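Going down the list, the sequences are from chains L, W, D and B.
If you're matching positions, the first sequence starts at 1 in my numbering and goes up one per residue.
If you're matching positions, the second sequence starts at 1001 in my numbering and goes up one per residue.
If you're matching positions, the third sequence starts at 2001 in my numbering and goes up one per residue.
If you're matching positions, the fourth sequence starts at 3001 in my numbering and goes up one per residue.
I should point out that these hints are in silico values taken from the structure, not numbers from a laboratory.
Keep in mind that this is a model prediction, so the values were computed, not measured.
Careful: at least some of the hints might be erroneous.
Stretch by stretch, here's where chain L covers chain B in the computed footprint (C-beta under 8 Å, at least three residues) [unchecked claim]: (1) 3134-3140; (2) 3143-3150.
Computed cross-link-like contacts, DSSO-like style, restricted to lysine-lysine with a CA-CA straight-line distance of at most 27 Å [claimed, not checked]: (3) D/2109 to W/1110; (4) L/166 to B/3109; (5) B/3166 to L/110; (6) L/166 to L/29; (7) L/166 to B/3110; (8) W/1110 to W/1166; (9) L/61 to L/166; (10) W/1110 to D/2110; (11) W/1109 to D/2166; (12) L/110 to B/3110; (13) D/2110 to W/1166; (14) D/2109 to W/1166; (15) D/2166 to D/2029; (16) B/3109 to L/109; (17) B/3109 to L/110; (18) B/3166 to L/109; (19) W/1110 to D/2166; (20) W/1109 to W/1069; (21) D/2110 to W/1109; (22) B/3069 to B/3029; (23) B/3166 to B/3029; (24) L/109 to B/3110; (25) W/1109 to D/2109.
Backbone N, C-alpha and C define an ideal beta-carbon position, used for all residues, glycine too.
One letter stands for each residue in the lines below.
Protein chains: 4
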Amino acid sequence: MSAISPIVIIVGTNRPNSMSRRVAEYYQKLLIQSNTSSTILDLVDLPHDFTVTALYGNSGKNEAFNSLKSHIDGAEKFIFIIPEYNGSYPGVLKAFIDGLPYPNSFTNKKAALVGLSSNMHGAIVALSHMNDIFSYLGMNTLALRVKLAQIQSHFVDNEITNPLYKELLEIQAEQIIRF
Amino acid sequence: MSAISPIVIIVGTNRPNSMSRRVAEYYQKLLIQSNTSSTILDLVDLPHDFTVTALYGNSGKNEAFNSLKSHIDGAEKFIFIIPEYNGSYPGVLKAFIDGLPYPNSFTNKKAALVGLSSNMHGAIVALSHMNDIFSYLGMNTLALRVKLAQIQSHFVDNEITNPLYKELLEIQAEQIIRF
Amino acid sequence: MSAISPIVIIVGTNRPNSMSRRVAEYYQKLLIQSNTSSTILDLVDLPHDFTVTALYGNSGKNEAFNSLKSHIDGAEKFIFIIPEYNGSYPGVLKAFIDGLPYPNSFTNKKAALVGLSSNMHGAIVALSHMNDIFSYLGMNTLALRVKLAQIQSHFVDNEITNPLYKELLEIQAEQIIRF
Amino acid sequence: MSAISPIVIIVGTNRPNSMSRRVAEYYQKLLIQSNTSSTILDLVDLPHDFTVTALYGNSGKNEAFNSLKSHIDGAEKFIFIIPEYNGSYPGVLKAFIDGLPYPNSFTNKKAALVGLSSNMHGAIVALSHMNDIFSYLGMNTLALRVKLAQIQSHFVDNEITNPLYKELLEIQAEQIIRF
Chain L
1 MSAISPIVII VGTNRPNSMS RRVAEYYQKL LIQSNTSSTI LDLVDLPHDF
51 TVTALYGNSG KNEAFNSLKS HIDGAEKFIF IIPEYNGSYP GVLKAFIDGL
101 PYPNSFTNKK AALVGLSSNM HGAIVALSHM NDIFSYLGMN TLALRVKLAQ
151 IQSHFVDNEI TNPLYKELLE IQAEQIIRF
Chain W
1001 MSAISPIVII VGTNRPNSMS RRVAEYYQKL LIQSNTSSTI LDLVDLPHDF
1051 TVTALYGNSG KNEAFNSLKS HIDGAEKFIF IIPEYNGSYP GVLKAFIDGL
1101 PYPNSFTNKK AALVGLSSNM HGAIVALSHM NDIFSYLGMN TLALRVKLAQ
1151 IQSHFVDNEI TNPLYKELLE IQAEQIIRF
Chain D
2001 MSAISPIVII VGTNRPNSMS RRVAEYYQKL LIQSNTSSTI LDLVDLPHDF
2051 TVTALYGNSG KNEAFNSLKS HIDGAEKFIF IIPEYNGSYP GVLKAFIDGL
2101 PYPNSFTNKK AALVGLSSNM HGAIVALSHM NDIFSYLGMN TLALRVKLAQ
2151 IQSHFVDNEI TNPLYKELLE IQAEQIIRF
Chain B
3001 MSAISPIVII VGTNRPNSMS RRVAEYYQKL LIQSNTSSTI LDLVDLPHDF
3051 TVTALYGNSG KNEAFNSLKS HIDGAEKFIF IIPEYNGSYP GVLKAFIDGL
3101 PYPNSFTNKK AALVGLSSNM HGAIVALSHM NDIFSYLGMN TLALRVKLAQ
3151 IQSHFVDNEI TNPLYKELLE IQAEQIIRF
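Based on the sequences and whatever the hints tell you, model everything.
Below, the structure is given as structure tokens:
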């Protein structure tokens, strides 16, 4: 490859104006500080009917879905911002993955996981589940899973106000750049 | 309640004419043999745009989704037929759960889990993940998770041909009836 | 059986004078309030060399181990108090289980899980792992996993000082009695 | 460091003459073929009373345990051979980890996981649990978890007879060398 492809930061929910989106934008700023280019892929941009028009027999037939897919195909590294929904990852994030071709989309690529929740757990179980999926798909995942618990209290005016959270995200950003 | 509500058998994918659907119908026959009524809720009947029109700010606003939801509300016991997709449960199944009101939909109810896969693992990891979700939601889940590995070889002409699979499903059916 | 066997509360570590032991004693008081008898099985009482003298070829040969085992054999319901060690359950707790005969020790019995940790997570991942084990062993486990995070701040003078923790333990105690 | 430290292959059980030991020796041959030095750390060499004399207040005080520990301290990369015991990893393996100092023993190091079982699952759930632990400890773990199901049928005369198993182990060996 003649150039390093940008890191793709995936907003792991299709909720409009999600907290995950704002965390993704914060993460992008961290990467800029390390002179690393990135793009944000927000699942809010999924076609509304993708669970029918882009899966199973219709795999590959939805142009809007394919456009999102092309961002995955062109990238080597990913940051997944994953809010906790019902004790695991959002179903929509997994349905998006279920619509991507297996096994080439993520195999031999690299991922970093960030969880967020309003409760005390920071989506820790969701990140465990997602790591199992990435293991299945052959994508190496950083050991450091950053868990942003009680996110509303620690993310104000688009800034992380909790010093530990800030430090962990900075460490993880450096790790994924060098991974 | 003046009568026992039927057990709801959930086909855990929206794939048309799925193997999971056929296993659900087989399970229903087992329940009939034990004089237990059931209904099948097939996620193929989800509205195509439910991940947008039935979640988040639109929760409760999609009548077709609400119709499926009413089957959950009226039931006390569930059989989940869960195919393995990408090393976990189908995203669509979780997105369906994400569209249901928390915490009343499943709290203090009871579930039995059946996994199926074309590989050797019978969705064993998917069932572990799903059990975490049901724990979060407060639904007691039978210890006996039936794992139907290599389902194509063991389910022919709508019958389970593997005697062990047959026995495990019968044991589980009896357990969920008495649970 | 002519009488209901006491619930066994298992202290899931062999650490001397453990916090888990104190939580077990607190739990026993809750059960007494509900007129339910219980015994405490503290893993501190494991023979020091049990990982050699009570496992594999030596299974059943260690009398001190067998004495603990007999408490398991005679019980139908269990409370497991599980501290978080290195992001999962204590190895000693699992080694104890590995020394018990399979599959009769826990099959068709019932368990409730309590996690504790000094961090914010309350051993939530440890409880998920342990539920997988109990599913494998055929023991039904209550959906309600009580997670006592930052236990040092919420357990003072042998009393739970956090009202939510107190309420959750009381709810769980009632559930395991009726389970 | 002036030289690359050998990879440590950990036999994840203290069972004498274990199948895991034999798989470890097979793995060592694979590494030799790639001109990579390794040592085998077999948990059968744990002091019999290590769960008391090397944990908690006695951490660091057992010389025989410390000798095993020094192999961990000096290494950067590990292969874990993990048999399935009761639906998860062996308790003894976790108790060994519980006796190592946190967080320096594994932080920023690298691991590959191999599971084995007599059943069809190849310790897949055990490997998921162990990956959670290594994530907690800050050790990056290869996505490729090799699962050697029904090991007795596929490992004869100290050779892997299943071509797929052989290929997966070779791929993993190359990956951990380059990781």
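Outcome of the hint check:
{"no.": "1", "hint": "3134-3140", "in the structure": "holds (count 6)"}
{"no.": "2", "hint": "3143-3150", "in the structure": "holds (count 3)"}
{"no.": "3", "hint": "D/2109 to W/1110", "in the structure": "holds, 17 Å"}
{"no.": "4", "hint": "L/166 to B/3109", "in the structure": "holds, 23 Å"}
{"no.": "5", "hint": "B/3166 to L/110", "in the structure": "holds, 25 Å"}
{"no.": "6", "hint": "L/166 to L/29", "in the structure": "holds, 12 Å"}
{"no.": "7", "hint": "L/166 to B/3110", "in the structure": "holds, 25 Å"}
{"no.": "8", "hint": "W/1110 to W/1166", "in the structure": "holds, 22 Å"}
{"no.": "9", "hint": "L/61 to L/166", "in the structure": "violated, 41 Å"}
{"no.": "10", "hint": "W/1110 to D/2110", "in the structure": "holds, 15 Å"}
{"no.": "11", "hint": "W/1109 to D/2166", "in the structure": "holds, 23 Å"}
{"no.": "12", "hint": "L/110 to B/3110", "in the structure": "holds, 15 Å"}
{"no.": "13", "hint": "D/2110 to W/1166", "in the structure": "holds, 25 Å"}
{"no.": "14", "hint": "D/2109 to W/1166", "in the structure": "holds, 23 Å"}
{"no.": "15", "hint": "D/2166 to D/2029", "in the structure": "holds, 12 Å"}
{"no.": "16", "hint": "B/3109 to L/109", "in the structure": "holds, 19 Å"}
{"no.": "17", "hint": "B/3109 to L/110", "in the structure": "holds, 17 Å"}
{"no.": "18", "hint": "B/3166 to L/109", "in the structure": "holds, 23 Å"}
{"no.": "19", "hint": "W/1110 to D/2166", "in the structure": "holds, 25 Å"}
{"no.": "20", "hint": "W/1109 to W/1069", "in the structure": "holds, 15 Å"}
{"no.": "21", "hint": "D/2110 to W/1109", "in the structure": "holds, 17 Å"}
{"no.": "22", "hint": "B/3069 to B/3029", "in the structure": "holds, 24 Å"}
{"no.": "23", "hint": "B/3166 to B/3029", "in the structure": "holds, 12 Å"}
{"no.": "24", "hint": "L/109 to B/3110", "in the structure": "holds, 17 Å"}
{"no.": "25", "hint": "W/1109 to D/2109", "in the structure": "holds, 19 Å"}
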